[in-house]
Amino acid sequence: GENVEQHPSTLSVQEGDSAVIKCTYSDSASNYFPWYKQELGKGPQLIIDIRSNVGEKKDQRIAVTLNKTAKHFSLHITETQPEDSAVYFCAASSGNNDMRFGAGTRLTVKP
Amino acid sequence: DAGITQSPRHKVTETGTPVTLRCHQTENHRYMYWYRQDPGHGLRLIHYSYGVKDTDKGEVSDGYSVSRSKTEDFLLTLESATSSQTSVYFCAISEYGRGGPYEQYFGPGTRLTVT
Chain A
12 GENVEQHPST
22 LSVQEGDSAV
32 IKCTYSDSAS
42 NYFPWYKQEL
52 GKGPQLIIDI
62 RSNVGEKKDQ
72 RIAVTLNKTA
82 KHFSLHITET
92 QPEDSAVYFC
102 AASSGNNDMR
112 FGAGTRLTVK
122 P
Chain B
89 DAGITQSPRH
99 KVTETGTPVT
109 LRCHQTENHR
119 YMYWYRQDPG
129 HGLRLIHYSY
139 GVKDTDKGEV
149 SDGYSVSRSK
159 TEDFLLTLES
169 ATSSQTSVYF
179 CAISEYGRGG
189 PYEQYFGPGT
199 RLTVT
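Read top to bottom, the protein sequences are chains A and B. Per the working numbering, the very first residue in the first sequence carries number 12; after that it's consecutive. Per the working numbering, the very first residue in the second sequence carries number 89; after that it's consecutive.
Everything labelled a hint here was simulated from the structure, so no lab data went into it. Treat the hints with caution; some may be incorrect.
Capping the alpha-carbon separation at 27 Å, the derived lysine-lysine pairs in DSSO-like fashion look like this [stated by the list, open to error]:
| # | chain 1 | residue 1 | chain 2 | residue 2 |
| --- | --- | --- | --- | --- |
| 1 | A | 53 | B | 99 |
| 2 | A | 69 | A | 48 |
| 3 | A | 68 | A | 48 |
| 4 | A | 48 | B | 99 |
| 5 | B | 99 | A | 82 |
| 6 | A | 48 | A | 121 |
From the structure, some residues in chain B lie toward chain A, with a derived Cβ separation under 8 Å [unchecked claim]:
| # | residue |
| --- | --- |
| 7 | 131 |
| 8 | 152 |
| 9 | 178 |
| 10 | 183 |
| 11 | 194 |
| 12 | 195 |
Ideal placement from N, C-alpha and C gives every residue a C-beta, glycine not left out.
Model the full structure from these sequences, guided by the hints.
This is the structure in structure tokens:
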């Protein structure tokens, strides 16, 4: 089955700096790669996703890149703000109810 | 939380007792999922449903059963709770689109402690 690895497990940045979180996957059948943000005491919230026919996708300060050949994808957050502090999860799926999640990255944005 | 509620939100129970968690959705989505979240493991799929009375096992299904008698409700049952089932449980929903049930939306979670 799919195996998703996520790095780093913790990340601390200064407000205004950029943050990058990286994930790798093992199953070449995976074609959908979402990112979730989880705040303390809440459920994961879908913030951006990318499909295997696209190399990059942007939504305001958030962008995701995908390298199908190398089987890795990354989340980029620019101009970080304190409210970006949360745990971020990557995931991979082939669309067959088989979504696998990374272990999570705790992002802290220092004012 | 995309029209998803979970009950109870917190529960403490003793080893060996049965426990049922409920997920309720108002989105009329076909697919529903139960995940558990543990430190260092992210979210792991327990069971999912692809329609009323249609369910299948996920990655960590041992010790759990599910039922879906209505589109809006998906129940997770621990027949005899063990300490290893102490976790935070999340329900998610999805709808078929663009070739598969891709986007999943999560409920607020249930924190279960088995003593």
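Going straight from one Cα to the other, do residue 53(A) and residue 99(B) come out at no more than 27 Å? holds, 16 Å
Holds or violated: residue 48(A) and residue 99(B), Cα atoms, limit 27 Å. OK: residue 48(A) and residue 99(B) at ~25 Å, within 27 Å.
Satisfaction of hint between residue 121(A) and residue 48(A), Cα-Cα up to 27 Å: Cα-Cα ~18 Å, so holds.
Hinted contact residue 194(B) with chain A - closest CB pair below 8 Å: holds, 4 Å
Quick check on the hint: residue 131(B) CB to chain A CB, less than 8 Å? holds, 4 Å
Under 8 Å is the threshold here; is the Cβ of residue 152(B) close enough to any Cβ of chain A for the hint to stand? For residue 152(B), the interface hint is violated, since the closest Cβ of chain A sits about 16 Å away, which is over 8 Å.
Once the shortest beta carbon distance from residue 195(B) to chain A is found, is it less than 8 Å? holds, 5 Å
Hinted pair residue 99(B) and residue 82(A), Cα distance within 27 Å: violated, 40 Å
Hint residue 178(B) vs chain A: min CB-CB distance below 8 Å? Given a least distance of 6 Å, the restraint on residue 178(B) holds.
Taking 8 Å as the limit, does the beta-carbon of residue 183(B) come near enough to a beta-carbon in chain A? violated, 12 Å
Against the 27 Å threshold, does the CA-CA distance of residue 68(A) and residue 48(A) hold or violate the hint? Between residue 68(A) and residue 48(A) the Cα gap is close to 17 Å, so the pair holds against 27 Å.
Hey, residue 69(A) versus residue 48(A), does the alpha-carbon distance stay inside 27 Å? Distance of about 16 Å is within 27 Å: holds.
Violated hints for the displayed structure, listed by number in ascending order: 5, 8, 10.
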